[in-house]
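Engineer: Listed below are the residues making up each chain.
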Amino acid sequence: MTMGCKQFRQTLLAEPRTVDAEFTQHLASCAVCSGFAARATAFEGKLARALAIGVKTSARRSASSAAVRWPAQHVPRRWLALAASVLLGIGVVTVLWLAKPAPSLAAALVEHMSHEPGSWAVSAADVSAETLAEVFKKDRLSLRPTGGEVRYARVCGFRGRSVPHLVVQQNGMPVTVMVLTHESVSRPTPFAEGGYRGIIEPAPRGSVAVIARDRDAIDVAQAAAVVVRAIDGW
Amino acid sequence: MNGQPGGNGKRGRFEALCASLRPDLIRFAFWLGRDRQLAEDVVQEALLRAWRSQDMLADPAAMKPWLLTIVRREFARTFERKRLDLVDIDELVAREEPMLSAAENTADVQQIAELRSAVLRLDDEYREPLVLQVLMGYSTAEIAAELGLSTAAVLTRLFRARHKLRAMFGEDTSLDPEE
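Sequence lines, in order, name chains G and B. Per the working numbering, the first sequence starts with residue 1, numbered consecutively. Per the working numbering, the second sequence starts with residue 1, numbered consecutively.
It is worth saying that the hints were derived from the structure and are not from the lab. Here the structure is a predicted model, which is why all the values come from computation and not from measurement.
Partial pick of chain B residues on the chain G-facing surface, computed with a CB cut under 7 Å: (1) S150; (2) L155; (3) R162.
Chain B residues, not near chain G, derived (Cβ > 10 Å throughout): (4) F79; (5) L92; (6) R121.
Every residue gets a Cβ at the ideal spot worked out from N, C-alpha and C, and that includes glycine.
Construct all of the structure, not just a fragment, from the sequences and the given hints.
Structural biologist: Below, the structure is given as structure tokens:
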């Protein structure tokens, strides 16, 4: 279908840098829209300049703090003696700390949930196939439609890696899915903390974590099994 | 560990990269919060958070979006901590005049300043995706992922943002040339 003037202008005002073939074809064939595009391009240039405001440090900051103020690494000498005397006491505490188990994978997942509360407030529309493909691209995986309706998808930093983070609608309930190809578990590992219930399900490559809010009545184990089966490319 | 911040080694590279990205992050935070000092504070705090968790960043190429996400979260935290006052755009423009007055000596300097004022008047929902696209160079898909929106919703907001700006400047906003 050929792009009309209305669609051309809508596209131009939403994505001025698009290189869509139909867009380019309309631009070449419609003199009126070509003029419109030329004016829009000029306006876009001004907009870009307008947004690139000068970044001078405000008067409240001194010149020495104009750059990033990193935590100081030099410790004044007078503090070294005090620090040394405290070290022994800290050592005792450290031993106790070391006896404490490191934060579990489950705890890290729950912590991650708290960083992205907005992920649950997803739109009613499905995530586009392009976005989904992009999210899974790095892991060379893909998700079949049987995995559920994907309402949120992005790549998140998690324990030093970039991982796909999805919110999938299953049986009318949202569940968060995190595909952890770098985290292996030997068996399904359920957990419940911080207002969430979840399970870390072994996958052919790494694992898949499925997390639901406590208030949502959903079988996370079943949901996890569905998702693992729906992922291609393991 | 190095003796000097910004010295050799991994930390030095991290800090140098942060410093190079800082201006764009401050610009983004300014357009997000419409307050220069708030922007500087938010970015400073965000960079410290990033510094503390720099080991979380597996791919240095992803540093810019990673930092931007931290800035957005830090801004949200700040917003939660202190209820920010409603913004009077005229007062804001007067207060931030040094930052908003175009530094360039061009014929359209006045128009650029007016355009900045117009962007500040856009609702947050239109201003943020516009800034991400034009200033930060994000694709529609990246904006959608960052804001937790569908790509269709992002396209609608971007269209409306430009439509409103063009209307403010008396530009042609007709979608159908026959109208």
